Amino acid sequence: MQLTKSGSIAAALAGATCALLGHSPAVQAQDALKDWKFDTAILLYSEVDRVSLAEGVINASKTFNDDSVFNAKIALDGLTGASANGAVSQPNAQTFSGPSGNGSYNTPANTVPLDETFKDTRVQVSGSYLQPFGDSWRATVGGNVSSEYDYLSIGANGLIEKDLYQRNTTISTGLSLQFDTIKPVGGVPTPLASMSASANSYDDDDYTTLVSNQGVYEDDEHDDDDGGHGEASTDNKTTVDFILGVTQIVNRRMLMQVNLSLSQVSGYMTDPYKVLSVVNTQGLTQDVVYEGRPDSRTKQSIYWQTKYALDNGVADVSYRYATDDWNLTSHTIDSRLRMNFGESSYLQPHVRYYQQSAAEFYRPFLLEGEALPAYASADYRVGEMTAFTLGLKYGQKLENDKEWAVRVEYYQQNPKNAGYDEPGLLKEQELYPSIKAMMVQFNYHF
Amino acid sequence: MNIKISYYFIMLGLFSLSAVSPAVAIEKGQPAPSITLKYAQQQNVLSDYKGSVVYLDFWASWCKPCRRSFPWMNDMHQKYANQGLKVVAINLDAEPDLITQFLDKVPAKFPIAFDAEGTTAETYEVMGMPSSYLIDRNGVLRAIHQGFFVDKQAKYEKEIQTLLAEKG
Amino acid sequence: MKPNIFKKQVLKIIAVLILLPLAGCANLGVKPWERDLLAKDGMALNAEGVDLGLDDHIYFSKEATSGGRSFAGGGCGCN
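Residue numbers (the working numbering), protein chains in the order written: chain S, -5 to 440; chain X, 209 to 376; chain L, 1173 to 1251.
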């Protein structure tokens, strides 16, 4: 077996990892590579007129002679494009201040305001180790680190599995902790503070309000103490996840899994770049305020999945019901049908349907004169919506256990009116535009 | 009163359902149950091997630890066949194509018997894949191993050596 | 917005669904040598793990619900 230069490096890394994990390092480079499996993928995701994402993943997995498994994954992704900032569209052009308070962006008339300054690069590294012990127990520990220019996330997780009834039943329980730090560009905005008061928070000069409506400008005295920004430059969030699951072999062709999850999130969950429009009874925007979400969220979900082995393929269906104390409930149905044909090829259609209800603090906009609520967000992602995915994957097995695949998916989100009357001219505005996205992904397994 | 009686009958019924026992017990120290071994070219019964030590292995192509057991079983066959060790590997695959695919990648120097129906596995109360049974020269079951573990290879080999040393 | 009573009923049904497999487990399942189809790669719960991870990343960013899945159990049941 010829080893290319990269093959030797991989073998050296593999040997080093084995030694580090307490297994005797393989003598030959070829032996070190045996039982290592690599999965690589490149994903291109693009929404019409909105966000585009490119992501690359490499996943390496090694099974040792005692059936323990080491897994490492590295993912790199870049995000560009525009994202709805939560304000409503108006029959005139609007200007919003950028996060740093220095830049600003314009939205033409009758267009959903999009924050164009949305760029991000993220690196994520994760690893896990599974160790069987006793006759029917398995324990897994893992860790992960993820970093973006304004976001850092560190976490650890553990899982214990127990087999019963000649391994027909597996009970599992897991705990995961995640600690995130967010450092938004321009500092953490005060929730529900006016965007206009925050511009140039580091500047003592007079400035012009950067929200304009029908050509009316207001000049405001800038007050250093009163600002939408500058109170804090970072904030953080802690997530604790608990999962309890049962996997059951039903018959020779079918297995089922049921999982109960409980999650407690505390800390900063607001999107620092999203705003809400404050409109009058005619539907004209009078002010733009930063959103604010509660600093605590308790979630529960139940997940059920069945996999069924056909003569030439696999059918996979799952359902998830989730609820939380933001009053948000969701239903997800996900299904895949693998159809093998020919010697080594397969086609796999994928259908997914998602439905969520609005969070109790979701408001498509705020009404002038109404008391400001404690929490409010116009982010459609916590609003009422349905979404569906239609996808098709084609793959081929090559010799030596290598495999490649290509996947194309269409994802559409349909935000809905959660029951808010639209005053005045807002009736003619597009308040709940659909988001349409296309995904293309290439996989290679070796 | 009637409810009580029917309750007892139901419990009895359930009990008898769960307590189905095979004709012969699988236990260390008991005679190894007789089974038919269907090879590619011939057929034998287990008692044909009286006088030899038999390493009876139940395996399948989809069983990953079986991939690790074959090189070791080849080794045992090579070392101890002339001392009277008979390695018999009973395959339990339902799809015959997969057997040849496996044997192409992991060749066997010992004979392979075929039992797609799994009747021999039933008789031997196989509890996990793979399973191996050591039978001494007198046809008595002496060791039962569930699973195959590379770090127990030396121990398995010692067991074989001990049984081979015993006279038939 | 669903009333709390409905939520409680749903959770009760869910609890039964969890306990049912546990209760009937002694009779449900296959013999250890009958796991040929379950041992196939496509039947592993973590099959296409990379795809699932990428999907999770997208849906986590675009929707308000995340997680739920786990990879424990199934497979060949060997060793």
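Be aware that one or more of the hints could be misleading.
What the hints assert, rightly or not - Taking lysine to aspartate or glutamate and the EDC-like style, the derived pairs with C-alpha atoms no more than 20 Å apart in a straight line are:
#1 X:Lys246 to X:Glu330
#2 S:Lys430 to L:Glu1206
#3 X:Lys246 to X:Glu367
#4 L:Lys1212 to S:Glu393
What the hints assert, rightly or not - Which chain X residues stay away from chain L? Per the calculated CB distances, all over 10 Å, these:
#5 Val314
#6 Ala316
#7 Pro319
#8 Phe322
#9 Val334
#10 Ser339
#11 Asp344
#12 Glu367
#13 Thr370
#14 Lys375
Please keep in mind that the hints were generated in silico from the structure rather than gathered at the bench.
Only a predicted model underlies this, so the values are computations on that prediction, with no experimental measurement involved.
Each residue gets a CB set at the ideal place from its N, CA and C atoms; glycine is no exception.
Quick rundown of the hints versus the structure:
no.: 1; hint: X:Lys246 to X:Glu330; in the structure: holds, 16 Å
no.: 2; hint: S:Lys430 to L:Glu1206; in the structure: violated, 45 Å
no.: 3; hint: X:Lys246 to X:Glu367; in the structure: violated, 26 Å
no.: 4; hint: L:Lys1212 to S:Glu393; in the structure: holds, 17 Å
no.: 5; hint: Val314; in the structure: holds, 15 Å
no.: 6; hint: Ala316; in the structure: holds, 18 Å
no.: 7; hint: Pro319; in the structure: holds, 19 Å
no.: 8; hint: Phe322; in the structure: holds, 13 Å
no.: 9; hint: Val334; in the structure: violated, 6 Å
no.: 10; hint: Ser339; in the structure: violated, 8 Å
no.: 11; hint: Asp344; in the structure: holds, 25 Å
no.: 12; hint: Glu367; in the structure: holds, 18 Å
no.: 13; hint: Thr370; in the structure: holds, 24 Å
no.: 14; hint: Lys375; in the structure: holds, 34 Å
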